[in-house]
Each structure stands twice: as structure tokens, then as C-alpha cells.
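Asker: Turn these sequences into a full structure, and let the hints guide you.
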Amino acid sequence: MSEIYNARGLPCPKPVLMAKNFLDEGKNDFSILVSGSDQAENVMKFAHSRKHSAEIVETNEGFRVSIGAPAPSMKHVEKSVQKQEKTISSPVVMTITSCEMGFGDKVLGEVLIRALFHTLTEMDESPDTIVFYNGGVRLTVEGSPVLEDLSALEKNGVELLVCGTCLGHFGLTDSLAVGRVSNMYAIAETLFSAGKLVTV
Amino acid sequence: MTGAGYALLLLPSVSHALLSEKVVKAEGISCKLIPTPREISTDCGIVLRFLKEDKKRLENVIEENGIDFKRIVVIQ
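Chains A and B, in that order, give the protein sequences. When you line the first sequence up against the numbering used here, it's residues 31 to 230, in that order. When you line the second sequence up against the numbering used here, it's residues -7 to 68, in that order.
All the given hints hold, so there is nothing to weed out.
Mimicking DSSO-like on lysine-lysine, the simulated pairs with C-alpha atoms at most 27 Å apart in a straight line are:
no., chain 1, residue 1, chain 2, residue 2
1, B, K24, B, K44
2, A, K185, B, K24
3, A, K136, B, K14
4, A, K136, B, K62
5, B, K14, B, K24
6, B, K62, B, K24
7, B, K62, B, K47
8, A, K75, A, K57
9, A, K136, B, K17
10, B, K44, B, K14
11, A, K136, B, K24
12, A, K226, A, K185
13, B, K44, B, K62
14, A, K81, A, K44
15, A, K75, A, K185
So, partial list: chain B residues that the calculated Cβ filter (under 10 Å) puts toward chain A:
no., residue
16, S7
17, L10
18, I38
19, R41
None of these hints come from the bench; they were simulated from the model. We put the beta carbon where it would ideally sit given N, CA and C, even for glycine.
Answerer: Right, dumping it as C-alpha cells:
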């Protein structure tokens, strides 16, 4: 029998943690109710990372993520795997932890990071994923000097993961303008599965 | 790669680049600070890119504000 668990209103990593615990317990037919689409996507992504089928249904009061048995042949899982296949062996991951590139002079650091993102849009080889956390999340919100470049990178298939805890800490959750809100599970997985990790 | 249709204002330092960006933007001229393209060498690694049709306006703004600059390169 399919079980339904309510994670509505719980903060960012909790619904994913809930899914993780159930999968660890061997459950493979359950649903988790969450409030936001970002949370639903994070839960689905986590289930997919464990090779379980998962789908999101929008309900009157939020979203329901239904997680099923491991089913690698399912179409959306295949698609997701295909997408990752190219880079899964050695994805290039870049971490951005502040609004400046390097230490020493704040003003110079801000100019350098703008130059860096402009350059990334022109390079043949761009990173597969850019992870923004701590002060770095400020670059992904409205008014950021690099929004145009980040949008261009995202359009070209670069995944932009933005730490939700950090956005919340700075009171910027509603100002996110580019990228996808993520949690520490996804961020840690991304960092540890990187073939090359670039920190600026 | 910087693109035809653009021109570059070459400046002697990052401080000059930031100041020129500020005054040029204040005049409503669209511009962007970018790294100096490899084929152009200057003392400063940052240039101000703008649309070449704004060249006259930009020159006026830079002159009015007394900002020292090296030269303007129009991308062909």
C-alpha cells in the first residue's frame, strides 16, 4: 500500500532527508507532500539519484512527489541519465562562495568575478555545474552584476545550484533571479562527484 | 569573440574602468566591463565594451568627466 507523508511547511533539506530515510529503510512505494516546487524537484532528483522512479503532481495545497520502485527503464529516468551520461564520469564543478574573485581587495575582486563570468560565456568548455553558497548566492539574485552572463550560461546547459539555506539567511529567497534552489544533499553530492572541482 | 557592433574603451587601470563604467551608465549608455581581449594589449586587463553607435556620446561623457583613457578600439 502506498503511504503518504506530509512534509509541507518543513524547511529546505527536511523533505529530502525524509525521502532518504524511507529509501534507506527499503520503502519503495510512497509519496511526500511538500509546499514548494523547488522542494518537490529536489526530492524527485534525490529519488532519481537512487535510481527510483519519481514524479511530481501539483495539488491544491502544494505538490506530491510519488516515489516508486527502482525502474531504470522508465522514460524520464532514462532521459535524466542520458543527460548526465556525457559528463557523469568527470563533471567539471565550480564553486562560488563570495561575490568576489580572490582575496585582498574587495573592489578588484568584484571586477574580476564579473570578468570571469563574461569569459565563461565565451569559452568553448564551460563547467557542467556552478554551485553558489554563502556570500556567493548574492550573485544569483536580482540586481546582481552577472545575471546576464549567468542566464546565458544556464541557457547553454550549465546547471546553477544555489544554496537555499544561504538565500534564506540573507533574506534573499524571494529575489532569486537565476539558477535552482538546492540543498546540502544535492550540493555535497555534486561536489563529491566532481571530476574536476574549480574554486575561485 | 567580443563581437562586431561593439567598441572598447581601453583604460590605464581598474579604477579608471570602474569610474568610466559609472559615469557612462549614468548617461544611460549601455556598457559592460569585460576582460581585455587577448589580441589587444594594455596595462589594465579590463576594458569597457559599448555599442559602437554610442562612440560619440561615450567620448563626450569620458571627456566631460576628465577620465584618462588609452584609446578606443572599434571591433570590425
